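Input sequences plus hints: build the corresponding full structure.
Spelled out from the first residue to the last, the chains are:
There are 2 protein chains.
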Amino acid sequence: MGKRIVVIGAVACGPRAACRAKRLMPEAEVTLIDKDDLISYGACGIPYFISGDVPDENHLRETAFRMVRDVPFFENAKGIDHVLTRTLATEIDRERKVVRVKHLDSEKEEEIPYDNLVLAVGGIPQVPPIPGRDLDGVFTVSNLHQAMEIKNRLAQGQVERAVILGAGPIGLEMAEAFTDLWGVKTTVLEYFDQPLPRILDTPLARIVAHHLEEKGVRLVLNARVKEIRGQDGRVKEVVEEKETYPADLVIIATGVRPNVELAQKAGLLVNQGIVVNNRLQTSDPAIYAGGDCVEIPHLVLGRRVVMPFGSLANRHGRIIGDNLAGRPTSFPGTVGAFIMKCFDLAVGATGISLTVAREEGFEAEYALLNQTEREHYFPGAGFIFVELVFDRRTRRVLGFQAVGPHTDGTLARLYAVSSILPRRPTVEDLISLELPYAPPYTTALDPLHSLAHVAENLLTGGLVPIEWDEVLRRLREGDPNTVFIDTRHPREAEPLVKKYPGRWIHVEYDKIRREMDRIPRDKDVIFICNSSMRAYEAQRWLMAAGYTRTFVPLGGLNFVRRWGVEI
Amino acid sequence: MGKRIVVIGAVACGPRAACRAKRLMPEAEVTLIDKDDLISYGACGIPYFISGDVPDENHLRETAFRMVRDVPFFENAKGIDHVLTRTLATEIDRERKVVRVKHLDSEKEEEIPYDNLVLAVGGIPQVPPIPGRDLDGVFTVSNLHQAMEIKNRLAQGQVERAVILGAGPIGLEMAEAFTDLWGVKTTVLEYFDQPLPRILDTPLARIVAHHLEEKGVRLVLNARVKEIRGQDGRVKEVVEEKETYPADLVIIATGVRPNVELAQKAGLLVNQGIVVNNRLQTSDPAIYAGGDCVEIPHLVLGRRVVMPFGSLANRHGRIIGDNLAGRPTSFPGTVGAFIMKCFDLAVGATGISLTVAREEGFEAEYALLNQTEREHYFPGAGFIFVELVFDRRTRRVLGFQAVGPHTDGTLARLYAVSSILPRRPTVEDLISLELPYAPPYTTALDPLHSLAHVAENLLTGGLVPIEWDEVLRRLREGDPNTVFIDTRHPREAEPLVKKYPGRWIHVEYDKIRREMDRIPRDKDVIFICNSSMRAYEAQRWLMAAGYTRTFVPLGGLNFVRRWGVEI
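These protein sequence lines are chains A and B, in that order.
Take 1 as the starting number for the first sequence in my numbering and just add one per residue.
Take 1 as the starting number for the second sequence in my numbering and just add one per residue.
Hints are computed from structural coordinates only; laboratory data are not their basis.
Hints should not be assumed to be uniformly reliable.
[What the hints assert, rightly or not] Listed next, the stretches of chain A that the computed footprint assigns to chain B, with coverage defined by at least 3 CB atoms under 8 Å from CB atoms of chain B: (1) 39 to 46; (2) 122 to 136; (3) 375 to 383.
Model, not experiment: these values are computed from the prediction.
A virtual CB, placed ideally from N, CA and C, is assigned to each residue, including glycine.
See the structure below:
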């Protein structure tokens, strides 16, 4: 026998590390341990199992060729020497190189010796200390058993009203699962003032918020949950500062934190997560760690972060397998590439948000754009809404966010930016991006190009922006020193010209130069159109004519419309 | 007035250069010239106009906000000082800095002085010297007038049978337009032995070829067209070496070449196309050129090429506009990023093909993969077929090809690879690519990751491939020294085990290690599965057990199936 490899954790990173190591090094003795009996399942698929899109939990456990990844599978197909489920690793003795485990069914304990150990122990739901969180009917969706129990209750008609704590990715995916197929009245309570906080900035988050409401999800922002109350041990309602929400089911989706207990007890270096080098080795070179339990370098932030993403866990697994087998392989770090489905929308982000960038001290600015995903003349072209976050000083691209239709168009733009982000691209690099083009798929200049153009125009001062919140405030308050120049088609402008007489003025895009004398020089002039493209060009003509008080609200009226704001 | 800028050509690059220059430099006097009366249209949209997807030709001429880009549009909205249509530029006098033009309607000639000149004169259809190519009913789809005439004939029921010369992108798009909506019996005659020659390699080209046949398009490869014959001046049939094809309409889509005549006459440096530097300046620094008429650096090939793509022409326009206005801006070069719709398929490529790479002297190898675009358990997940071309010596990625369902999933993968190709990525860089993941959009490890894994396994010798053509030959000829080990589900293997007794042996994936003694050591062993993943793992186990004659046909049986080959 070759060297003894023990892998703790058999969901994503663990099995992949074990199988890769065994394949490269068939003489090794590989042991795979998990405390659960269900292993190697697609945890990211749980919301689609609960929704019913995936009818059977076994589908989440199957290979693409429909073989269930159970214990015999790993033993027979993958050649893993020992697969121990319902087995809890309780202690690591690094000096003697043994793992102490407890067999949960028999309660027996034993010691397993290793030459190399892999910690793929995942994350733990971060449950805030709310009274009542242990009531029957309160879940965290942290494993497949919980998912099956939730689906059972839905299928048995036990759930009329659900409350979800947290409007992060899991919370929103669960909201969709409950509402869309099961017709459960769902309320999402979010501590912050927007859904997907720190992932999306306000302009895109507001689109998501409005879409949730359109789909019948009640979204309560700035929520302060005080207590979960039950009756006969079963959840009954969630008490928030201002209101109480009846609930037959409560999901706590307020994040996960790395499971570091075992590592900590063993004296391994632990910060927010288990500390690893680029080879995914812990402070003990015989022990590797990967997946949701580790800290990894963030390539935009320039410091280590916790990033509990399934795709990273899978990549970690292969890298650890390589290193175990003596093939030096590195994990370069993350850019936080993210995507999710939210009802009819694809929502994604990569890099860092404006909020995070400013907290971190970047001189961060942002550009917005909305545009059809494909040529506007191609049937069924939907709109994509995008934000670019960039550093004014270095012109470096820091982040990108997108909300589009539920096609793969949003994926495509995220793929492009995520792919180049590790190489520290500038706004110019984004302008220079070569992307394939055909009218059924995209536009001759991609939304990414146009977005980068907006950023460049902001950097050169060719485009002078104003925040939409400020625009809406001035409009509502009737600010006497501001006029709004609507550059759109007369039919589009007419209702607003009537509604705001004297302040909302229609000068169509192609008449700006000829009818410039209709635009006052002694007031703030705010140019309006649907995408901000015509507004930008109008501003250029006026700036060239010596106007000094012109502004363009970034992104255009289509944003405001998608926020559900009536103007 | 500021400096005088004259732009020749008003389709894609020209208008963009003119408008950008004017916007940045409103004091300039900008003249835009085109020989046609229809300008600034989406030429890449022509097949969709002909198919009827785009009902009206004006849609191809409109902005996203539905304003037709005609002469008044450029004058009023864009501030272009003079827009001269139906005006042919006949000569450039570089010493006197004047362009000689002829007004095609009045036949009058005049001289237009310039400080800077822009050549955006596009390409010219490359029509082979076939007798009869001037007959009525023979078209090249080189402008919107021709497109309108073709659509008229279709709409009037004048076209029952069409013949298209050339199975390049335009030829195939036209074949779809004719067949899908108009029900025209369409034959495509291609000189080479595959559709999309030099863009796709054989494995993916065969999928496209079979799909065309499935959709009712007759595709004739290795065709040698001798003559186009007419009756009363109108096209009647196309005479090929072996067969004659009746035709009411013939499209010649055998490529375009740069329009260099004007530049050549003016003594500018011309090679295959007009020679420009990275600022898109010709050999005369006062004259810029961009779009289909120029040669540009190919960043994978390392030499200049002609690449007549609409997206590049648009990017050139903006770069020229910047440089004209005194903002130094560079065009870094191209990687040849390409995508098209072909009936139900999205077909794309970026970088260079294996054929081209080997011609150019690279030690090129290729990897194949097929996989679901999104998690296999997600409803409606279709298959994507991908090829990676890489250099064995440097491990550099040279090219990527994909054929997938008509979603934007193919676009996404092309976006990722195209974005990094200019940075000379290696196979390892592709393995390290961070891509966003969610089950509705992709798989935890993207097909790109898995494809790069195949390439790495090939580079390390962990995977020993065999060409499918060789596999099929041995199977058909009953090669006595070869056995085929089918690792799939018994139900899948059964018919072939019966059909090829003793030679086609079923050893299921998870029984390879236990039942290895059923596999002969003294024969060539070819492992079979649908995607080549199980076959690869089987090969690893056998190699570890000392087998020396094992092979895996790349890509798996799904490729063969999609070629329409019965085994």
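Here is what the structure says about each hint:
no.: 1; hint: 39 to 46; verdict: holds (count 3)
no.: 2; hint: 122 to 136; verdict: violated (count 0)
no.: 3; hint: 375 to 383; verdict: holds (count 5)
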